[in-house]
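**Student:** Sequence:
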Amino acid sequence: MSDAPRSDAPRGSTLPRVEPVPGEPAATATVGTERVLLVADYHAGYEAGLRYERGVDVPSRAPDRRERLLRLIERTDPDRLVVLGDLMHSIGDPGGAERGELEVLFEAFSPSLSVTVVKGNHDGGIEDWLTPESEREVAALEFDPEAVTVTPGAGVALGGGAVGVCHGHTWPAPEVLECDVVCLGHEHPCVRLEDEVGGSRVERAWLRGRLDPDPFRERPEYEGVSWLERDGETPPRPPRIVVVPAFNDLVGGTWVNLANQSFLSPFLPAGLADGEAYLVDGTRLGPYDAV
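In terms of the working numbering, the sequence shown opens at residue 13 and continues consecutively.
Treat the hints as calculated values from the structure; they're not laboratory data.
Take the hints with a grain of salt, since some may be wrong.
Computed beta-carbon distance windows for the label pairs [unchecked claim]:
| no. | residue 1 | residue 2 | range |
| --- | --- | --- | --- |
| 1 | Gly236 | Glu208 | 49 to 55 Å |
| 2 | Gly294 | Trp239 | 26 to 32 Å |
| 3 | Gln273 | Glu145 | 40 to 46 Å |
| 4 | Asp207 | Glu46 | 38 to 44 Å |
| 5 | Leu270 | Asn133 | 22 to 28 Å |
Small disclaimer: the values here were computed from a predicted structure and weren't measured.
C-beta: ideal position from N, C-alpha, C; glycine also.
Please put together the full structure from these sequences, using the hints given.
**Tutor:** See below:
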C-alpha cells in the first residue's frame, strides 16, 4: 500500500507521502525536509493493566516492544518519531511497570531523534512526565525533554500542512483536516479472515481512503475548511486518510470487515469514503467492508 512516492526518495522534497514499512505496523512520512516514523497505540504497561483490570497474568513483553521499535528506527532512520496516541496504557499518570517501560524506551533513543506524542485517551497527564517544567523533575530524567513534544489528541499539522496527525478518539482539529493526508490510530483495525474449511484468524490491518465530507459538515468548528465548502463547481478533493494498526500486538481492535461492528472513532466509518483494507505485509484486501 502506498499513498504517494516511495519513502526512500531524497529528503528535501515537499511532496506529502505516507508509506507503510513492509511487514510492520508503522509508516514513514516525508514532510518538508523531515523524515518521520509513525506508530500508533504502543500501550506501554499493557500486561500490568491486564493483571489489574482483568486478573489475567501475562508476562511483560516490554523488552520485545522496545527492541521492535528501536529496530524500526534503525531501519527507517527518521528525524522524528510520531506516536499517534496511547503511548501508555493506564488512563492516569504512568507509574510502576508502565513508567519504567517508558523510561527505558526514551533513554534508548538517540539524542538526535525528536519525538512527538499525540495524546490519546489512555495518555492522561503524560506531558507532566515527558515535558516537566521544574528543574528538579528535569534533572531526574535520563533523556532530554527538550526533544519531546506532546500535542492534544485532536492533532496537529506537520510539514506546513502536508500531513495531519491525530489520535482518533476525538474529532480532529480543523488544521488537521486541511492537510493532504490525515493519519490516526485509536481504532486498532483488524480483519477476520476465514479459509475454505472454516478456519479463521484475526490480522491487524491498515485502512485507507478519503474523508467523506458529510459528517464533518454538520459540525460548526469546521466552518471554513476548504474542502467542505459547497460553493463552486469543483471543490477541493478531501484529504486522504490512513488508519494505522496498533503497534502493540496484544491489544484487541475493531474487526472492520464484520457487519454490525461498532467503530471507536466518532467519525468512523461514516467519515471514510472508498475505504480499503491492507494487511501489515502489504496484501491489498479491497473494500474493508467486503473482505
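**Student:** Go through the numbered hints given earlier and state which of them the structure violates, listing their numbers in rising order.
**Tutor:** none
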